[in-house]
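Chemist: Residue numbers (numbering that gives the first Met the number 0), protein chains in the order written: chain A, 0 to 289; chain B, 0 to 792; chain C, 0 to 160.
Bear in mind the hints are in silico, worked out from the structure with no lab data behind them. Treat each hint with caution, since some may be false.
From the structure, some residues in chain C lie toward chain A, with a derived Cβ separation under 7 Å [claimed, not checked]:
id, residue
1, Ala21
2, Arg22
3, Leu33
4, Leu35
5, His44
6, Arg60
7, Leu63
8, Glu129
9, Ser132
10, Gly133
It should be emphasised that the depicted structure is a prediction, and the values quoted were computed from it without experimental measurement. From the three backbone atoms N, C-alpha and C, an ideal C-beta is built for every residue, glycine too.
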Amino acid sequence: MKSAPFRYIRANAISDVFEAYAKCDGEARIIAGGQSLMPLLNMRFAAPKALIDINGIDALSGVTHSNGSIRIGALTRFSELISSPEIEKYLPLLKLAAPHVAHPAIRNRGTIGGSLCHADPAAEVPACILALNGNMNISGPAGDRVVEAKDFFRGIFETALSSEEIVTSIDLPAIKHGESVAFEEVVRRHGDYATVGLVATGQMRSGSVSALNLVFFSVSDRPVVASRIALHLDAQPIDSLSWDTDLDAALSEDLSNITADVHTSIEAKKHLAKEILIRVLKKLVMGSKI
Amino acid sequence: MKVKTPLSVLDRPNSYIGKSNPRAGARQLLEGRGVFVDDLNLPRMLHVVFCRSPYAHAKIVSINTERAASESGVVRVVTGAELVDYCSPWVGVLTHLQGLKSASQHAIAVDRACWQGEAICAVLAETRAQAEDAAALVQIEYEELPVVVDMETALDETTPLIHPELGDNLCFQREVNFGEVDKAFTDAHTVIEETFHFGRHTGVCLEARGIVAQYNPATSQLTVYLSAQAPHMMKNLYAKHFGISEDNVRVICKDVGGSFGIKVHTYPDEMATAALSIMLNRPVKFIADRYESFVTDIHARDHRVSARMALDKDGKIKAIDMDDLTGIGPYSVYPRTSGIEANQIVNLTGGPYTVESYRARAQVVFTNKNVMCQYRAVGHPVACAVGEGLVDAAARSMGLDPVEIRRRNLIPDDAYPYTYVTGLPFEKLSHHQCLDKILEMMDYEVLREEQEKCREQEIYRGIGFASMIEVTNPSPAFYGVGGAFISSQEGCTIRMDHTGGITCTVGVTEQGQGSDAVVAQVAASAVGVTLDKVRVVSGDTDVVPYGGGTWASRAAGIGGEAALRAGKALRENILEVAAIILQAEVASLDVQNDAIVDMADGTERLPLSELGRIVYFRGDTLPDGVQPELVSTRHYVPKAFPFSFTNGIEAIHVEVDVGTGIVKLLKCWVVDDCGTIINPLLVDEQIRGGVVQGLGGALYEECLYDEKGQYLNATMADYLVPMAAEMPDIEVGHVETPTTDSELGAKGVGEAGTAGAPAAVMNAINDALSPFNAQVTAMPFTPERILRALGKI
Amino acid sequence: MNDLLEINLKVNGEKITRFVPARLNLVDFLREDLKLTGSHVGCEHGACGACTIRVNNDIVRGCLMLAVQADGTDVMTIEGLSDSGEIKDLQEEFHNRNSLQCGFCTPGMLMAAAELLKLNPNATRREIREFLSGNYCRCTGYQAIVDAVEAVGQLRNGGPA
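Use the sequences and the hints to build the structure in full.
Modeler: What follows is the structure, encoded as structure tokens:
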């Protein structure tokens, strides 16, 4: 399977990207790590007229910490997320999730910006950004704007990004004192896209949780914030949780747009979602005791 | 006990039989210096890409190649109708499978496409990328035809016929009836009834299928480089279907990146590639990409088996009754036919046990999915799962330990020769010995105690056994009698050069399993040289003796025996000359460690290189009438039995997460009896690889089709193969019961691991789920299927 | 679209200048343009690991990188790794334990194993299995590979094999 032909444009600065987009009349695509784009090209599921290579734009790299906020450059590789001391200290949820993304050779090239813009509903990192209430810093020919994570993911492979824009970095709040994070996915083989996955953050105090953020992935056409469950569990003692019909109803409502995939039916996904929710809540409690 | 004769190679000094020497052939592979088909580039070579049918069943209304043909780098665009002049169609039938019928199949479809992915048009260009660009521009008009995808209804009156001229969608049916089945069920104490489903899956060789074909018009010689298992078989078929002389066809198999039976069949796109090289007088290369592999490599094991087992009050099996249905593709694959898998299932189910009555019906029906044919362990995984699944279900029902029920039913080790109820002749098997050994290896009692303790903690572990038999070393009874030009004999030529080094050429082909190494070890032992002095050449039909290739676990047993006999003959020739040179009696001399020695005490008399120098350069110093021949060829065909059966047992320990349905494989044990073991390391690795491949089909792999015959998961992200993180360590033990049909006594072992693994893991999962009275019988055992069995959804 | 772009890179220590189409991926470039056929193509979508090579000291999928993206980089293939002697101990353990059969996955597997031992010289069997879980092998069932990598790790640490 060989890609269809395309023009190759190397961008050295963000302005080069806008220039290239304009020249190509919207028929150009950005290539960063290429780990999601190249398979599409090789299988001829995508045939853009031009590729804009942004790997050389220094402004898109780097992880910086200031005032309780972490800024991650869009070009940060997954392997860098795993080895970064800042990520380990301030964003332990990302450190938990990143090793589950594919395999080492993929993580050496794949970027966080690429993963977020590709917006595969089965991906781990979009769910993390959503759970952490991240902000996407976006640049376009008309200027810069910020889009909150909750408004960024619009559907399968669909984001709030227009065809002339580029994500430059992601801002995330550093973990607070008393905050606990958890990650769980049901996966057939290590590194696969999950059958169902869940990330969680919450303020723990004596077995009760507040400010609970629960985001399911691989259940629908985008990561799903389980806000009703979170509301239901707010200030509840989750270390002695007993599942009842109210929780069932809340979960059903949160997962009202649940879809099947080629291997797993809706009923199975629903069951697995409930199962990992219970496990994640236990993990939150355990995490808070460390 | 090994059979010992004075001249047996098994107990010659410095014999390599039973030694785990590393393979010489692995060295180049470790450095990325092997030669696989895609590594070959010939001058003026073209790449061919096939336009493939997007529909499972469609009439080809028109093909417009004008635009494609004018694209940059494109040399020619060829339709099926044009290729007919260069390649005749074929029908995949054999006479010994009575009633088996199929329709005529072209290399490139002519009137209609019968499965999604069938080749419709060939585009030849200077690069693969250019050919793909042009292929997208070929305009093909299709008229969709009704699609048959459900094997359960393929024979219904209302189901459309795929080939109206055949009268129905039945490819093959076989019925057998032995003993008194109905009476056995009426009188039975316990009757177990189950329906088993086996998901269609495929080989996924890491190196996809590939061919480079070159026709020389000056010599009328066709040379084909092929990633495949049976070069002589293909040589015959190329000649037959291209209308050229078979003696002018040369097939060369170099390094093969995995085959497992996938690469022993005739593929239309490969035939087309070779025919195109004749049409164009230029070399042509075709390498299947991964998508093409999924939709055109043969699939296998799509079966639904409804089965019953009757047992008496002591848990002794009285009868087996079963109905097997399999849905193959629209054609029976050529030349080995798509009836063999079902045929094996009918023959082999319950094979480890003393069963008095047996009835089975197998139906093989056509569908508009991809073709199906022999894949590693052909039929055995299904037969074993059915038999072993029924046995374990019986054990659970009767409150018997699965070990105990097997003790009561496995053919006793002293009952041989024994003929199984379906007519299978067993020379000598060792079921009980293997069972004893595996129980020791796994510390069975301890595992059961742990299982109990774990259950109290709501951790659900299970142990599953699978006793098995395996068909190896096939005689002409397998294919030859049915009219196929597939050789069951094997030949080996061994030649000593003046250096004292020997070169063996042999008809079995190296697929990575180590057949070259096995031949080298046998040859070195039989002749009396050190292993480093042995070279093996295989895979080239111009060079090697006429042979059968690698399939049905025959390389060690049959190829090895041919090498043994050739080695012995060469040794005799060497000793004859040595006796003359040394003025001694032949019987007083031996060849050991690259030298002529005194048989009595091993004293070196003459290095082989010195003998070689005299023979090749100083023939003047030898007496009149002495014409030494330091080369011997021997052929061997198994005679005493239609197959050499082996036996073994597998056990798997699992932990099932009853909340998610995920199965964790904790450990696996295998005890196998393949007769004389030539290289224990290679044998163990074959077993391990076989087990993992079997686990793939049982837990992960399935070719998924929708109701329109569209293949849904043709990527390696969606078709799940076993990877390292989920696979267990596999401990292997052996019992050795050599066959007396050969001096080497070696049986085959390539497929045993795959035969038993699905049964063992099914039994393990069901053992883990037994506290819930839940059972799974449909493979692959996905988390969803397990959750449904548990009633969670 | 069909223009050729100049790339300058190092492959196995050797300086290379070539003109390549934009769409040519790195493993195809190595195999076809440079005739370094030791890196293999198994799926062209990054799942099987057969094309795993080293770019600037990190393992990557050769099928998911463009040759033009390798401009200015240092590429190491199995041939270079073999000739330098860097993985001699791994190759020997693989050989002795028959951790390969058909050999098609082997170059990628060795690349990954070499990287693992660099990053985590004391890798446990579990860690070895997880790290190598992106390299598909159909022949061996993986155990002999894990045994070999574990043994090399121990040998390098001066322990018993």
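Chemist: Next, verify each hint and record whether it holds.
Modeler: These are the hints, each one checked on the structure:
no.	hint	in the structure
1	Ala21	4 Å, holds
2	Arg22	4 Å, holds
3	Leu33	18 Å, violated
4	Leu35	18 Å, violated
5	His44	4 Å, holds
6	Arg60	5 Å, holds
7	Leu63	4 Å, holds
8	Glu129	6 Å, holds
9	Ser132	5 Å, holds
10	Gly133	3 Å, holds
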